[in-house]
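J.: Taking the hints into account, I'd like the entire structure generated from these sequences.
Protein chains: 2
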Amino acid sequence: MEQKRPGRQTVALGQPPALTGWASVAGKKEGEGPLAAQFQYVGADDSFGEKSWEKAESAMQRLAFSYALDKAGVTASELDYVLSGDLLNQCIGSSFAMRGQEVPFYGLYGACSTMAESLSLGAMLLSGGFGRRAVAMSSSHFCSAERQYRTPLEYGSQRTPTAQWTVTGAGAVVLEAEGTGPRVTHVTTGKIVDKGVKDPANMGAAMAPAAYDTIRTHLAETGRKPSFYDLIVTGDLGELGRDILLDFFHRDGVELKNLSDCGLLVYDRERQDVHCGGSGCGCSAVVLTSLLLPGLEQGRWKHILFCGTGALLSPTSTQQGESIPGICHAAALEGTARGGERG
Amino acid sequence: MEQKRPGRQTVALGQPPALTGWASVAGKKEGEGPLAAQFQYVGADDSFGEKSWEKAESAMQRLAFSYALDKAGVTASELDYVLSGDLLNQCIGSSFAMRGQEVPFYGLYGACSTMAESLSLGAMLLSGGFGRRAVAMSSSHFCSAERQYRTPLEYGSQRTPTAQWTVTGAGAVVLEAEGTGPRVTHVTTGKIVDKGVKDPANMGAAMAPAAYDTIRTHLAETGRKPSFYDLIVTGDLGELGRDILLDFFHRDGVELKNLSDCGLLVYDRERQDVHCGGSGCGCSAVVLTSLLLPGLEQGRWKHILFCGTGALLSPTSTQQGESIPGICHAAALEGTARGGERG
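Keeping their order, the protein sequence lines are chains A and B. Numbering-wise (this note's numbering), the first sequence opens with residue 1 and increments by one. Numbering-wise (this note's numbering), the second sequence opens with residue 1001 and increments by one.
Note that these hints are calculated values from the structure, not bench results. Just so you know, not all the hints are guaranteed correct.
[Stated by the list, open to error] Listed below are the simulated PhoX-like cross-link pairs for lysine-lysine, each with C-alpha atoms no more than 20 Å apart in a straight line: (1) Lys1198(B) - Lys51(A); (2) Lys51(A) - Lys28(A); (3) Lys198(A) - Lys1198(B).
[To be verified] Computed from the model, here is a short list of chain A residues facing chain B with C-beta under 8 Å: (4) Phe96; (5) Phe105; (6) Thr189.
Glycine included, every Cβ here is placed at the ideal spot set by N, Cα and C.
T.: Below is the structure:
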């Protein structure tokens, strides 16, 4: 069946692949948060038995990969593609996780939008007939991110109020051309949007304009109203970025009442000291695989717009005085529960 | 038209997209090499008018992007996808190049295999009906790579004999679902292969097993003999890696007489002090766009297997004692000149 292209950035998949298995692996702090009971595995000390934080991040991806395959009843040798990425320099979290797995592999870099990017590309590869089974995956680790992007933990640096907390976690999703489960029905590919925010401790503000651009484009191109979705979920805008996004839509006369953000869902901000909320590639990856997909499977929700948000900066670009380019990729997810489309 | 899948890793594209425009932008040293006359633009001092090497790398990508669009007669607003990546931490070479271009963007990380990865994914997106026009792109810069991976240039470190020279260059290719030009007919997605090489100054040896794996798989799955191709071109194995690859095939009783390597084509190793040859994402990107695609267009060659090779290491993984995972993605290119398939 042909793909439909209602607009330049959006594709309605002709053969929407089913998400047949998924898993989330999370760190200790995340395991003390509101999603604790839904994670497949919570590490006791964030080391995952490894000698470095970077190796621990790869171990998390391997675990999530393995649990997700088990849930789908699929073996690695049956996979046609694995699409994965992370925040580490040269994406070693993903490469070293998939070393020795004997799977066709495409490495991605979309910063914290990577889970949505891998899900989008994986869904298109299957809908286009390029394979039958794929895994989309992503991860981040608080300790590897802190020492790479900011300062080593040992310095005990104080965090600004706009800062977010990088999630220690990995999420993996199995996509199958034929199978039962929630489906990816539409993909909206994001553009790079940079409104000049230069503060790397305020990435919510840097990413909110990209989220606005992609969500607005998705709604315009599909002709859907925000209310079509039970949830519109951004990746990791945090409290400030979420408020900016709401404000952008408010100026258009649109109240996004069903907007939620993985960065606000993953921690209990009253009890857990995370300032503006969670962030990192792992943030949307673990919320997708512990909350959103189970909710779609169980009929709690019927339609979710999953919007990965990424800040495409590096410490080098910041040191050279650059502002922070943002990007947002959106994938429309449809639940398995019975019932017609809502209008 | 449906995609055909002769094997797990290889897809024969049902609607092979045409490469309708391409361009290469290169640095001063590359502009003194054998491909000098074919580059669209050669920088006088490798700064490309920018204040940092990283910004210079983005400037090269923007230039290649712009020249390639011009050659294809396509505007940026007509693009459905841009797929790009580079070697810099968080791929800022690509993100900052595409900032302000208003194009749907997917960031990739395949180390030096990125040009083949972007070409492969771009070709599949178009063949699958997900868009009509895409740009595949990649870059590297000697100076930004040296200070990131090795030591700042100011240290004047001595290079080992197995070292390769990171190409300062960017290549961009316009793919169109309908159009005239060389076509991408097959894509073979690589697996991560790691045979335990730990020396980051010997990446040819680290990548050769991945190239062997992908080329052998491509030939087995398509049923093609090596002689089907006028050229089998690896990305940047250099002299040592090339010899290892030849040796692997020799042990199988196969003499790859038509094997060439972009790392050996881009410099004059007699005159230019590059040890084992060129490397970097830009290496295969500029050889593809200055030599291979023009040769296919002009009828010099009919069939080329373009095999991007990547070493998925980082300085951190090396410092932590890890070996170097390699990957190789292959895209089969067919020229526009008349004449039936060779057997």
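J.: Could you run down the list of hints and mark each one as holding or not?
T.: Here is how each hint holds up against the structure:
1. Distance check on the hinted pair: Lys1198(B) and Lys51(A) sit about 18 Å apart at the alpha-carbon level, within 20 Å; holds.
2. Between the alpha carbons of Lys51(A) and Lys28(A) the distance comes to roughly 17 Å, so the proposed pair stays at or under 20 Å and holds.
3. A hinted pair counts as satisfied when its Cα atoms are at most 20 Å apart, and Lys198(A) with Lys1198(B) does not qualify at roughly 38 Å.
4. Below 8 Å, beta-carbon pairs count as interface contacts, and Phe96(A) has one with chain B at about 7 Å; its hint therefore holds.
5. A least Cβ separation of about 5 Å between Phe105(A) and chain B falls short of the 8 Å threshold, and the interface hint therefore holds.
6. With a cut of 8 Å, the hint placing Thr189(A) at the interface with chain B holds, because the nearest CB-to-CB distance is about 4 Å.
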